[in-house]
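Protein chains in written order, with the numbering used here: chain A, 1 to 238; chain B, 1 to 123.
Read the hints as simulated data drawn from the structure, not as lab findings. Quick caveat: nothing in here was measured; it's all calculated off a predicted structure. Glycine is no exception: its CB is placed at the ideal position from the N, C-alpha and C atoms. Be careful, since some hints might not be right.
Below 30 Å or equal to it, Euclidean Cα-Cα: the simulated DSS-like pairs (lysine-lysine) are [stated by the list, open to error]:
#1 K181/A x K111/B
#2 K181/A x K93/A
#3 K93/A x K48/B
#4 K78/B x K122/A
#5 K116/B x K48/B
#6 K111/B x K93/A
Here are some of the chain B residues that sit facing chain A, going by a computed Cβ distance under 10 Å [said to hold, decoys possible]:
#7 L2
#8 A4
#9 Q12
#10 T16
#11 P29
#12 L37
#13 L61
#14 L64
#15 K78
#16 V95
#17 S100
#18 V102
#19 V104
#20 K116
#21 E119
#22 G122
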Amino acid sequence: MKNLGDTFVYLEQLPLVWLFLTMLVYICVSHLHVRAGRNALLNPVALSAGIIGVFLVLSDISYARYFEGAQFIHFLLGPAIVLLALPISIHFKSIWNVRLAILCSLIACIVVSVVSVIVLGKVLGLEEKMIATLAPKNATAPIAMGISEEIGGFTSITAIMTVITAIFGAAIVSPLFNALKLQDWRARGFALGASCHGIGTAHAFTVNEVAGTYATIGMALSGVVSALIIPIIYGLLI
Amino acid sequence: MLNAICFLFGFQLFGTALSHYFSLPVPGPVIGLIFFLIWLIAGWSRPKALDTLLPPFMQFLPLLFVPAVVGIIDHLDKIKPFAGELVVVIGISTVLGLVSCVLVFGYVASKTAPAKGEERRGS
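So that you can see chain B by itself, here it is in the shape it has in the complex (with noise of 0.2 Å):
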């Protein structure tokens, strides 16, 4: 388990320092993730207990961006005067943001690869 965390800390360390060094947009743990990713795929060995740690970090994952959901009652009053057009805009682009990306994966995706066993929704 204590590799498993140091190993995962290791990546993140690493994705910071070159995010920083380079000023690159991308968050540290985003960059960490795809150098995780490149280690994986190339076969390399990992710490067995990753694993074991991923099926409860993936259902308590919500709860670690509550407390940067919190920080929005510093900032109230600057959103307060155009609450009701950033709810419309907000709410119809999400949606048809949403909408036009599910379409067009499931289309093409129909075409090219059906899903299939776990990849369906059991109706």
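Pulled out of the complex, with its shape left as it was, chain A reads as follows (with noise of 0.2 Å):
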């Protein structure tokens, strides 16, 4: 019989034990924050990163390490992202009923976050390039990254902060609706899917489907829109 530190040590190399541990985090996250009551604060993206990032943190494994086990639940995240095509053909008539909602919320929203953002930026003191690296954070991360370059930000923590953003509204989203006293799923969806893309449209598919239907729509058209109207609010307001 070998001792349990070796063994450690083995099973650590293994892709096995990151794939398991994500899901077993994010399995017990989810138990608790429906428990809570859906508590805001327990957000289980967050909060299972959150878990994990401090354990390898604590025992000094590198996120790469990490990765190589991990990258097999990312994987899925491209076949998960065709899929949403499913629900939009489900319910296509009625997303064309309120296609002129979709538009000018959609132009409010992407307006509303970038003028904010550099209005904000500028009162507190943000440099410049710190300014454009967090203009396009709406966008899905890839799209955000290639507006940050255009506009001369930087790409790398541009992606960080198109994270950190969908993490923060899918958090607070729905105490936020509640309080508005909101009840129509459309528009809460699309809200949350054109301001938090990927996470938020996740985050609105674990509350209700027609949610997270109109959250996709609202990631992808956010995406498209972004790239073609922050560049220009940029330039104007800079």
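Each chain sits in its own coordinate frame; assemble them with the hints.
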């Protein structure tokens, strides 16, 4: 029989450990989240990533090594995004009926997010490069990075900002919209997808299917329209 | 089930190929989504298992983002110097974006196509 330390060193090099840990932590955290009445502070994505992140830092394991195992989960994002076309096709008629609301609210959302980033950034004295880094935070990470590069931000930090934005948005959205007494799942979902892309959309599906469907549309359109109008707005205000 | 999974990978691969070939800023899976949507709206047949795959997939969708989010640990030192400002800017701007979007959508939709049935949240 080998000693326990040896066995741990052996296991730690297998992708299986990180795959299992990620799933286990997520499952426990989601149960906790549901039991706590979907408390915003216990957002499953943020809390799971936080627990795993602290564990990796404390045990001095690099993210690259963790990702060797966790990439199998990450890889499923691709087909999962493609599959999101199915709920859109199911609800296509009712989506087409609200195309005007989609168009108007999408433009309002993007303009308000970008203008508020620029104004707040200037008020707080952030340097211009940092404002450009934050400006496309409502778009999905790959698109946001492209916009950031175009207007002169730090692309890698932009990717992190989009993630922080989405986690924050997904965590506060239910209490925020409940406080505003909003009953329309279409509007609630669309706003979340348009502001908080993939993580927001994933959250929307766990709450309500109609909300998730509209969030998907919000995410896709927000990415494309952001790429078109954020550089223009940024150019006008900076 | 195998047909369904292969079907999804096929669209993802096609989208990724297009994204790369035309140097598009839109990620491959999103282009795959758009083409799959065209396929569905055109009414062409699809593997039946896709419909059974949908609900469980949607339930654990957030899990799929966890590995990427953990990646923040590699960048903590880069954002630390502006942490306070970032929290304020992201917090306020995200709330304003969400609220303006949901209010405009709600207003326009209430004039054109009010929410009904499953689209309304039961109170």
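Verification of the hints:
1. K181/A x K111/B: It holds: about 18 Å lies between the C-alpha atoms, which stays within 30 Å.
2. K181/A x K93/A: 26 Å, holds
3. K93/A x K48/B: It holds: about 21 Å lies between the C-alpha atoms, which stays within 30 Å.
4. K78/B x K122/A: Holds: K78/B and K122/A sit about 20 Å apart, inside 30 Å.
5. K116/B x K48/B: 29 Å, holds
6. K111/B x K93/A: Between K111/B and K93/A the Cα gap is close to 17 Å, so the pair holds against 30 Å.
7. L2: Hint violated; L2/B Cβ to chain A Cβ min 13 Å, cut 10 Å.
8. A4: A4/B check passes; min Cβ-Cβ to chain A is 9 Å, inside 10 Å.
9. Q12: Since chain A brings a Cβ to about 4 Å from Q12/B, closer than 10 Å, the hint holds.
10. T16: 8 Å, holds
11. P29: OK, holds: P29/B within 10 Å of chain A, min 4 Å.
12. L37: 4 Å, holds
13. L61: Check passed: Cβ of L61/B comes within 4 Å of chain A, closer than 10 Å.
14. L64: 5 Å, holds
15. K78: 6 Å, holds
16. V95: OK, holds: V95/B within 10 Å of chain A, min 7 Å.
17. S100: 4 Å, holds
18. V102: 4 Å, holds
19. V104: 4 Å, holds
20. K116: Cβ of K116/B sits 9 Å from chain A, so the hint holds.
21. E119: 5 Å, holds
22. G122: 8 Å, holds
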